[in-house]
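Please arrange chains A, R and F on chain W, whose structure you already have, making use of the hints.
These are the residues of each chain, in order.
Protein chains: 4
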Amino acid sequence: MSRSPPAASDRGLEIERIKARLKSQVIETPSWGYANSGTRFGAFRQPGAAVTIAEKLADAGQVHRLTGVAPKVAMHVLWDLPDEAALEGVPAAAAEAGVRVGSINPNVFQHQSYKLGSFCSPWAAARAATVQHCLDCIAIADAVGSKVLSIWLADGTNYPGQDSFTARKRRLEEGLGAVYQAMPADMLMLVEYKLFEPGFYMTDLCDWGQSALLCRRLGPQAKVLVDLGHHAQGVNIEHIVSTLVDEQLLGGFHFNNRKYADDDLVVGAINPYEFFLIYNELAAAEEDPERAIPVEYMVDQSHNLKLKIPAMVQTIMNIQTAYAKALLVNRPALAAAQDAGDVLAGELELVSAYETDVRPLLAVVREEMGLAPDPLAAYLASGYQERIEAERGERTGSGGLGA
Amino acid sequence: MSRSPPAASDRGLEIERIKARLKSQVIETPSWGYANSGTRFGAFRQPGAAVTIAEKLADAGQVHRLTGVAPKVAMHVLWDLPDEAALEGVPAAAAEAGVRVGSINPNVFQHQSYKLGSFCSPWAAARAATVQHCLDCIAIADAVGSKVLSIWLADGTNYPGQDSFTARKRRLEEGLGAVYQAMPADMLMLVEYKLFEPGFYMTDLCDWGQSALLCRRLGPQAKVLVDLGHHAQGVNIEHIVSTLVDEQLLGGFHFNNRKYADDDLVVGAINPYEFFLIYNELAAAEEDPERAIPVEYMVDQSHNLKLKIPAMVQTIMNIQTAYAKALLVNRPALAAAQDAGDVLAGELELVSAYETDVRPLLAVVREEMGLAPDPLAAYLASGYQERIEAERGERTGSGGLGA
Amino acid sequence: MSRSPPAASDRGLEIERIKARLKSQVIETPSWGYANSGTRFGAFRQPGAAVTIAEKLADAGQVHRLTGVAPKVAMHVLWDLPDEAALEGVPAAAAEAGVRVGSINPNVFQHQSYKLGSFCSPWAAARAATVQHCLDCIAIADAVGSKVLSIWLADGTNYPGQDSFTARKRRLEEGLGAVYQAMPADMLMLVEYKLFEPGFYMTDLCDWGQSALLCRRLGPQAKVLVDLGHHAQGVNIEHIVSTLVDEQLLGGFHFNNRKYADDDLVVGAINPYEFFLIYNELAAAEEDPERAIPVEYMVDQSHNLKLKIPAMVQTIMNIQTAYAKALLVNRPALAAAQDAGDVLAGELELVSAYETDVRPLLAVVREEMGLAPDPLAAYLASGYQERIEAERGERTGSGGLGA
Amino acid sequence: MSRSPPAASDRGLEIERIKARLKSQVIETPSWGYANSGTRFGAFRQPGAAVTIAEKLADAGQVHRLTGVAPKVAMHVLWDLPDEAALEGVPAAAAEAGVRVGSINPNVFQHQSYKLGSFCSPWAAARAATVQHCLDCIAIADAVGSKVLSIWLADGTNYPGQDSFTARKRRLEEGLGAVYQAMPADMLMLVEYKLFEPGFYMTDLCDWGQSALLCRRLGPQAKVLVDLGHHAQGVNIEHIVSTLVDEQLLGGFHFNNRKYADDDLVVGAINPYEFFLIYNELAAAEEDPERAIPVEYMVDQSHNLKLKIPAMVQTIMNIQTAYAKALLVNRPALAAAQDAGDVLAGELELVSAYETDVRPLLAVVREEMGLAPDPLAAYLASGYQERIEAERGERTGSGGLGA
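Residue numbers (my numbering), protein chains in the order written: chain W, 1 to 403; chain A, 1001 to 1403; chain R, 2001 to 2403; chain F, 3001 to 3403.
Looking at chain W on its own, in the form it has when it is part of the complex (with noise of 0.2 Å):
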C-alpha cells in the first residue's frame, strides 16, 4: 500500500479551478418547494408560504440571490398554472424574480381519472388525457422557455392482479412515444423511476433498469431522472449514477435524501457521505470528454418542519459542499491506486477529500461572487422571512388543483 503525496506543487492553479467549477453550478429548485405541503398525516400550514406561482418564483429568486447557483425553477403545470392567466404571468414574474423557468412537470396523477394510472391506464380516456396534457406541457414549454419536460408517473398497482405488466408497459411505450414525437428537437424529456408510492404492489417505472429501457427505446432525447429518495434499501446510487453516465443514459437528478422511503429530506441530511460519492462520479465525469454530457441538477423538496426559503438555502449549501469535496479528490492518485489494486489507498484517496472542512473555501468563492460568506445567516438578516409571514400572512391552499 502507498499513499498519495501532500497537495501537488500546483495546487494553486487547481483551486482556481475549483472555484471557478463551483462558480459555474446551475441548480434549479421547485416551485412545489415554497409552498404549503405535508404527509398523508397532515400538512402543517407556515405563515408566508408561497401560493401564486408569482410568490413561488419570488422565493426561489430569493434563493437565488443569496446563493448564486440556483437560476432555474421548475413548475408543476397544475399547481403552478391553472389558467392562462397564471401562464401569461410567468415571464415576467421570473425576470422580476431574477430566475428562469426550469423543467416543466405535468401532473398526471391528481385527477380523479388517474385513479388507475395514466399512460399506462386500462382506461382509454384517462391514456388520451395524459397524452394530451403531456402535450399541453410541451406547448407550455414552449411559451416560457423550457427545454426540458420532466415525466413522473404515479402509475402502479395496489395489489396482484390488478393489471396485467404487459398490457400496461406496452401502453406505456405507445402513449410516452407519441409525447416523444411531439417534441420539438432540441427538448429533452426526462424519466423518472420510483420504487413505490403512490403505487404499493408495483410501479410501472420502478427502477433505473425500466427507465433506461424505455428511454432507449424512445430516442436520444430521452434520458433518465435519479430521484435519490426513490430506490430499494441498500441500492448503490453512485453505482447506478456512473452506469448511466457511461451509457449515455444519464439526465438529471431529483436531490433529496431519506432515510427509510421518498422522505423528501434535505439532501445530504442524513447520509452525506453518499451524495459526495454520487457527486464524484459526477466530477469525474465532467473531467472526462468522452463521459461528459449534459445533467439537470434539480431539488424535489418540500418542507413540512423546517421553514421553506432557510430549508432550500441549506439544501443549496449542502450540493455545494458535496460538490466542493468532489472537485478535492485528486484522480490521479486514486487511479493509480485503483490500478495498483490498493484498496486502503484508493479509499483514503475519497476519504481525505471527504474530511476536507469545505467550508472557508465555499466563503471565499461567494464572496467572489459577489454574494455573503453564509447565505443563511444572510437570509435571516435579511428580514424577507418577516416580511411574507406578515405580508401573506398563514393560508392553506398550495396553488392550483392542489389548493
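Please keep in mind that the hints were generated in silico from the structure rather than gathered at the bench. Heads up, the beta-carbon is just placed ideally off N, CA and C, and yes, glycines get one too. There may be inaccurate statements among the hints.
[Unchecked claim] What the simulated footprint calls covered on chain A by chain R, stretch by stretch (three residues with Cβ under 8 Å from a Cβ of chain R suffice, anywhere in the stretch; the number is not a length):
{"id": "1", "region": "1230-1243"}
{"id": "2", "region": "1261-1273"}
{"id": "3", "region": "1302-1308"}
Below, chains A, R and F alone, put in the same frame as chain W:
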C-alpha cells in the same frame, strides 16, 4: 425424518372444535375504513363513501351482517366525533347498525400544534393538549361503553439534532403515565409502534422493544399493539408476536398488509403465508392455558382503489382463512417433529395445513351461522352498494377534522 | 365489480392441457446441492453427502426418478471437474444416473487471484485467467453436451474508492465480449446479477438492469438469469420477470427463497404467494405465441440443516405446486377484470387459483407418469438415504476445489 | 430560527477537556481480526496473517503501540485457545505485546452438535454442552484476568415450523440464566443480538428488544451489546443506543459498518455521519452524571481485501474521528435550539461539529501522547508488515478450531 400420520380418527370432533372457534372470532373494523382516504398524492373519492359516524357505523354493520364476526367498530375521535351531538348519537346509531363501539383512538397528530409531536413535543402546550385530549378520550370511551384506548403516536423527528431522544422519551413516559393513571381499572391501553412516517429520521416508538419497555413501565393495563405494516423489511413478525405472548405483553393487532412500507393493503394480500404464520402463533397460544391472554383483533386499512365495503368483507374473509388454516395445524405432530429436531417434518406440518383449501370449511361455518356461504357475492347481490351510491353520492369529506 | 363465472363447461379439456404441461416441465438441479455446504460460520457435515461428481449425478438421478421432471444437472466446473478424469467420466455417470448435463458454471471467484474480481479485476492476469477459464468451460460444455454457459460473477468492491465503476464496467464488457464471441451459435449465455455478497460496497452486476444492458450489448445469445434471492428487499420480482419476457431478455432462473438476503432456502418456503405470482407471469407468457421464449428453470440451493435429497425433492414439489396453481388461473376472466379496471375482481382471479389445493391434481399427474403420488414419502421409504449414509459415511469435502 | 454563537471565549479550556477525553479512550480489538478470514465463497489468505494467539496478541500490540487507545484484545475461546498450553501462554504473550485480555467470547456455533442451536437447541446434549462451555469460559476469563463475557449466539431457524419460538425462548432463559448465576459479582455479561445469519428464517435474539428483555430477566450484570451491522435496513441505531443508555441497559459495542447486511467493513467506512450520530449519543451520556455508565467499545471486523493491521489502524482512527467530532458538539447551544423547537438550528449544531476537520486536533493529541501524528503512515514506515510477511509467510489456518 418422519412425517405426521394422516388425520386422527377423532378428526370429526376436532372439526367441530375448529368450527366453534371460527364462529367465535371477534374482529374490529375501523370507522375510517368506510370513508374517503388517499395518499399524499391525492385521494380518490368513492361514490357512497361514508362521511358521518352514522354512515360509518351503518357500513360496518353491513360487514358484520355478512360475515358474522365483525361486531366491533374502532372510532377515531376527531374524525368521527367532531362535536357533542355526534357523540350522543353514537350508541343509538351503533345499536341500529347492529354493532358496538370498539377501541377509542385519540388523534394527537393532525392539529397544527402537534407539528413537533404530541407527548414528546418540546412545546409544553402541545404536551398538555395531548394529555387533555387523551383524558377526554377516556371519558368518551366511558360514554360509549368502550374499554380500549388505542394509542398511536405520530411523534418523531425529521433531522438529526432536531430534538433529544432522551428528553422526548422522558416526556412520553411522563405524559402517557398520567393518562394511564386516569384509566379505570378495567380499561386497556394499547401502545402501537411504527418504524417511520410521518417522522422520517426517527419515530419515538419505533419498534416493539420501545413499546414493550414502555408498557412494563406503565403497568399491567398497558399492552403492545402490533400493526403488520409498521416494521422494517425482513423483520419476522410472528416471532415478535410469540415473544409478546410469552411476556404477557401482547394487547392487539392492526391487521393490514404491505410490500414496502405502511401500505395499508388488505391483510393477507401480499404475503398470505406470513399472515398464516402469525395466526399459527395466536392459535397455539389460545390452546395453551399458560399463554392464553385476551387479544384485540383490529383492522387498520382504508382503501383508495377498491370499493370500501367489499374490501372490508374480503379482509374479514382473509382473516378467517388464515385462522382456519392455523387451526388445522396438527400441534402434537408439530411438537413431536420439533422435539426430534426434524426440520423438514416440522415445516411440512405447517405447509400441510396451509395448503389445505379451507373455503369449503368456511362456507359450512357461515351457513351454520345463518349467513351466505360467500359474503362477497352476497354483498354484491344485496343492492347495498347501489343504494349508498345513490343516496350519498360522491362527496369530498371524510368526517370530523379530516373533512 | 363482477366475479368470474364458475369453471367453464369445458374445464375437462383444460385439465388435460394443464396436466400435459405439468408433465413436460424440465427442471435442472445443481450438483452442489448434493454436497456438504454451509455458512461462513461453519458447515454441518451430512452423512452420505456427495463428494464426487458421480455421487452428485447419482443423487440428482434419484431426485429425477422420484419426480420425473428434473432430468438435468448443473455443473460447477472447479467443484465437479477437478481433472480430466472427472470430466471424461461424466457422460457415462450421467447416463447411468438417468440424467443429462445442464448448464456449465465457471468458477472465477475462489482462486486467490480473483481477490479483486474476475473480468472486472484491475489485475490483467486475473482478467486473462477469467477469459481462459470461460473458454475452457465452453470446451467442457461441448464435451459433455451442454448448450448453456451460466455466468455468475463474484465481482464487486468492498469500499468506496477501491476501484473505478467505469473501468470495471468496460473491462467486463470487453472480457465477457470475448467469451461471447467464442460461443458456438447454438449456445446460450446466462448473465446473473446479485445485489451484494461477496462484494459489500458494490456488485458489478448488481441488478437486472445491469444484466439487461450488458446482454443487449453482447448479442442475442446472451440472456438474463434471475436468482430469486439476489434482490433488494421489497423489489417486485414478478414485475422484473414480466419485463424481461417482454424485452425477449429472460434466459433462466435460479430458484430458491429468502427472507433476508441470499439465504438459499427451499424455493417457496418463505413466500409461496410471490413464487406463484412469478409462475403466473411465466405461465401467461407460455400461452402467448408472441412472448413464448425458452427459459432455463434451475434450482440453486444447498442445504445445511435439511437432508440434501429430501430438500431437493421438496423443492421440485414446490415448483410443481406453483406452476400448477398458475396454470389454473382463468386468463380470459382475469383479462376481462383487468380491462374493466375491476381491481378486486382481478385480484380474486389469482387468489382463487392460489387457494386451490393442487396436491390431488399433482398426485394424479405423477401417477400418470408412473411415479409415486408423494415423492417425498417414496424417497423416505426407498432406503436410498440409509444406503448412501452407510456407503459414503460422513466426509468433510464437497469435491474439486471446494474440498 | 437562531444559530449558535461562535465558539465560547473559554474554548481553550474546552479543547483541553476534549483532548483529555480523546486520550483516555479504551478500544478493544478482536484477535480474529488479525487472522485469515473470508466469506462463504472463499477466504483470501494474507501473507503474515496471524495464526497463533501469540501472533494475534503481537499484532494487536502493534496497533496499540501506534494508536495509544487500543490496549485490550478480545479472545474467541475456540479459535484462540485450542488447548491448555495456549491458555497458559496468554498472560505472558499479552504482557510482551503490551496489551491485556479484554472480553472472552464463547464459541457455541461451530461444532457439529450446534447444528440446531446452542442454548435454544431442541437437543438436550447441545444445550448442556453450551452451558458447560460458557462455564469454562468464565473460568478462562478468571485465569486471564477478564471481566467481560461476551455472548453472541448463532441460534436461529431456517424454516417456519422448524422449532417452537416459545420453547426456544424458554430454553435460552434457562440456560443463560445458569451461566449468569455462575458469574462472579464483578463480571459483566454482554448479550448481543442480530437480525439474521446464520439463521435465515429467524434469530432467537433478533433485535435489541429481545436482548433487553432477556437482560432485565437475568439481572444487573447483563447488558445489551450493539453490533452496528446487525440491524434491519433503515433502523435508527443512535436511537436504540440512546434508549439503552436511558434504561441503564447498554453494555457495549461491536464496531463495524455495513451497507447491506452483516458486512463487517471498517467502522465509519460506509456511513460516517451515522457513526458520528452514535458517538454523539455516547458523548452526551458521558457528560450526564445520571446516564454515565461503563461501556465496552469493541471492534468486530475481519478484513479480506485490506491488509489486517492497516485496516485495524484505520478503524481506530475512524473511531477517534467520530468521537472527536462528537466532543465538539456545542451541547448548551444544541439543547437551546431543541428546547425552542428550532429544527434547523438544532440540526446545524450537529452538522457544524461534523463538518469540522479534526485531523489536526487528532494529530496534536497523538503527539502529546508520544505517538506519530499519522499512525497509518507510521505503520507503513515501520517495517512490521514486511517482517511478519517474511517471518510468517502465507498460511491457510486462522488458529484453533477455525484452522
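So, going through the hints one by one against the coordinates:
1. 1230-1243: holds (count 3)
2. 1261-1273: holds (count 5)
3. 1302-1308: holds (count 3)
The structure meets every hint from the earlier list without exception.
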